[in-house]
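Novice: Take a look at the letters that make up each chain.
2 protein chains.
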Amino acid sequence: MPRLVDHELRRRQITSAVRRLIVRGGLDAVTFQSVAVEAGFSVSLVQYYCGTKKDLLLATHRSVMENVGTRFAQRWTALGEVMPREAIHAVLTELLPLDEQRREETIVLGAFGTGSVTGQGITPEETLTASNLLVSILADQLRRAPQLEPPVNRIELVAELIAAAIAGIAQGMIQGHGTAELALELVDQQLDLVLGKRN
Amino acid sequence: MPRLVDHELRRRQITSAVRRLIVRGGLDAVTFQSVAVEAGFSVSLVQYYCGTKKDLLLATHRSVMENVGTRFAQRWTALGEVMPREAIHAVLTELLPLDEQRREETIVLGAFGTGSVTGQGITPEETLTASNLLVSILADQLRRAPQLEPPVNRIELVAELIAAAIAGIAQGMIQGHGTAELALELVDQQLDLVLGKRN
Chain F
1170 MPRLVDHELR RRQITSAVRR LIVRGGLDAV TFQSVAVEAG FSVSLVQYYC
1220 GTKKDLLLAT HRSVMENVGT RFAQRWTALG EVMPREAIHA VLTELLPLDE
1270 QRREETIVLG AFGTGSVTGQ GITPEETLTA SNLLVSILAD QLRRAPQLEP
1320 PVNRIELVAE LIAAAIAGIA QGMIQGHGTA ELALELVDQQ LDLVLGKRN
Chain S
1170 MPRLVDHELR RRQITSAVRR LIVRGGLDAV TFQSVAVEAG FSVSLVQYYC
1220 GTKKDLLLAT HRSVMENVGT RFAQRWTALG EVMPREAIHA VLTELLPLDE
1270 QRREETIVLG AFGTGSVTGQ GITPEETLTA SNLLVSILAD QLRRAPQLEP
1320 PVNRIELVAE LIAAAIAGIA QGMIQGHGTA ELALELVDQQ LDLVLGKRN
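Protein sequences, first through last, are from chains F and S. The first sequence begins at 1170 in the working numbering and counts up by one. The second sequence begins at 1170 in the working numbering and counts up by one.
In isolation and in its complexed conformation, chain F is listed as follows (with noise of 0.2 angstroms):
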């Protein structure tokens, strides 16, 4: 019986080595016949998958998303009943670009960030459902705060406000302007102003 081939682990293979070319030279790095070499595939085989540049880096980016949004839901199970602060607390840390797997994804993800704005293949749009979705479970978690500092009606602003300062720790933070000590400082600092010092 002929050995099925696994799609998944195909596309696997070769999103992964186009997230290693993007940290080592950047989105411009991409080509057919990079990511071929270092998937070890063939060049046709890699067009099989992705036909276009555009298709290549469209799969990319929703392979990072997947992985994370996995790590939220595991790490959300995990969690069970909590405060709103240690939720939020979390989610902002799954991030963060704390070990290698979450460091990757934060270079990878500021690529495409600077690359939708500076015409590299992928649009604003195609990036944007991400940071919508996490202001959209910051906002439900201060919902639930009983010690808000702000006024309810400024919930969304403060949700907006907490999902952009953790973009610009991350990006920080891999950027070599401070330690993961220091991000993780900002993190407290940040819920400290937001939902009231801890004990």
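Possibly wrong hints are sitting among the right ones.
Since the list can't tell identical chains apart, any single copy or any two copies may satisfy a pair.
[To be verified] Here are the simulated SDA-like cross-link-like pairs (lysine to any residue), alpha carbons at most 20 angstroms apart as the crow flies: (1) Lys1366 / Pro1253; (2) Lys1222 / Asp1197; (3) Lys1366 / Ile1324; (4) Lys1222 / His1176; (5) Lys1222 / Arg1193; (6) Lys1222 / Met1234; (7) Lys1223 / Gly1194; (8) Lys1222 / Ile1291; (9) Lys1223 / Asp1197; (10) Lys1223 / Ala1198; (11) Lys1222 / Gly1194; (12) Lys1223 / Gln1182; (13) Lys1222 / Glu1295; (14) Lys1222 / Arg1181; (15) Lys1222 / Ala1198; (16) Lys1223 / Thr1296.
Everything labelled a hint here was simulated from the structure, so no lab data went into it. Computed from a predicted model, the values in this text were never measured in an experiment.
Fit chain S to the known structure of chain F by using the hints.
Specialist: Same frame as chain F, now just chain S:
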């Protein structure tokens, strides 16, 4: 009498061309050939002023920093004696892409930040001076604030947080996440959290 070449002007024409190229196509769009075409000079003239691609990028990064610095200084002088909140607000809005020039600066600095991680031309150290300077300006103003919410020993941390947030807000804005109006509301919200609600 032979007309003296205005070296400063030539340099500025070259770095302006580099900025426009980055906005349209990212750091990889910058080559001696493309800069020469964009600036209307010969390749050898561009090379006379900037011998390597790294020189080109460093000169451009420096020119953006000088523009921002000059604008800061002018704004600062025009402000005169103001409350810390107003001073911080002025500093932060200078960093938001609220007009064409600041939009170009935000895109170019974003590309440099991302590129410093993915190895495209300049190193993180070369991009850090500005963000350290910003943190120290913010901390100085926070120390003057009478109604400061966070304890005094957290001033440096709060200054870091405000700097990270404005970076996230500015990059979010150029990446299509939110309008100028939202960005300004986020700045006010962050200042409300740090310095207490406005009257």
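Novice: Now, for every hint given, state plainly whether the structure supports it.
Specialist: Taking the hints in turn, this is what the structure says about them:
In this assembly of identical chains, Lys1366 and Pro1253 lie within 20 angstroms of each other by CA distance solely inside one copy; the values are 14 angstroms within and 23 angstroms between copies. With identical chains, the CA atoms of Lys1222 and Asp1197 are at most 20 angstroms apart both within one copy (10 angstroms) and between copies (16 angstroms). In this assembly of identical chains, the alpha carbons of Lys1366 and Ile1324 lie at most 20 angstroms apart whether taken from the same copy (18 angstroms) or from different copies (15 angstroms). In this assembly of identical chains, Lys1222 and His1176 lie within 20 angstroms of each other by CA distance solely inside one copy; the values are 19 angstroms within and 41 angstroms between copies.
Taking the shortest alpha-carbon separations for Lys1222 and Arg1193, both the intra-copy value of 18 angstroms and the inter-copy value of 18 angstroms come in at or below 20 angstroms. Taking the shortest alpha-carbon separations for Lys1222 and Met1234, only the intra-copy value of 18 angstroms comes in at or below 20 angstroms, while the best inter-copy value is 34 angstroms. Taking identical chains as interchangeable, the C-alpha atoms of Lys1223 and Gly1194 lie at most 20 angstroms apart whether they share a chain (17 angstroms) or sit on different chains (15 angstroms). For the identical chains of this complex, Lys1222 and Ile1291 are intra-copy neighbours only, at 10 angstroms inside a copy versus 26 angstroms across copies, given an alpha-carbon limit of 20 angstroms.
For the identical chains of this complex, Lys1223 and Asp1197 are neighbours both inside a copy (12 angstroms) and across copies (17 angstroms), given an alpha-carbon limit of 20 angstroms. Taking CA atoms no more than 20 angstroms apart as the test, Lys1223 paired with Ala1198 passes in both settings, with 13 angstroms inside one copy and 18 angstroms between copies. Taking the closest pair of Cα atoms, Lys1222 and Gly1194 come within 20 angstroms of each other both inside a single copy (16 angstroms) and across two copies (15 angstroms). Taking the shortest alpha-carbon separations for Lys1223 and Gln1182, only the intra-copy value of 17 angstroms comes in at or below 20 angstroms, while the best inter-copy value is 33 angstroms.
In this assembly of identical chains, the alpha carbons of Lys1222 and Glu1295 lie at most 20 angstroms apart only when taken from the same copy (15 angstroms versus 32 angstroms across copies). In this homomeric assembly, Lys1222 and Arg1181 come within 20 angstroms of each other (Cα to Cα) only inside a single copy, at 16 angstroms, whereas the closest approach across copies is 35 angstroms. Proximity of Lys1222 and Ala1198 under a CA criterion of 20 angstroms is satisfied in both settings, with 11 angstroms inside one chain copy and 17 angstroms between copies. In this assembly of identical chains, Lys1223 and Thr1296 lie within 20 angstroms of each other by CA distance solely inside one copy; the values are 13 angstroms within and 30 angstroms between copies.
Checked against the numbered hints given earlier, this structure breaks none of them.
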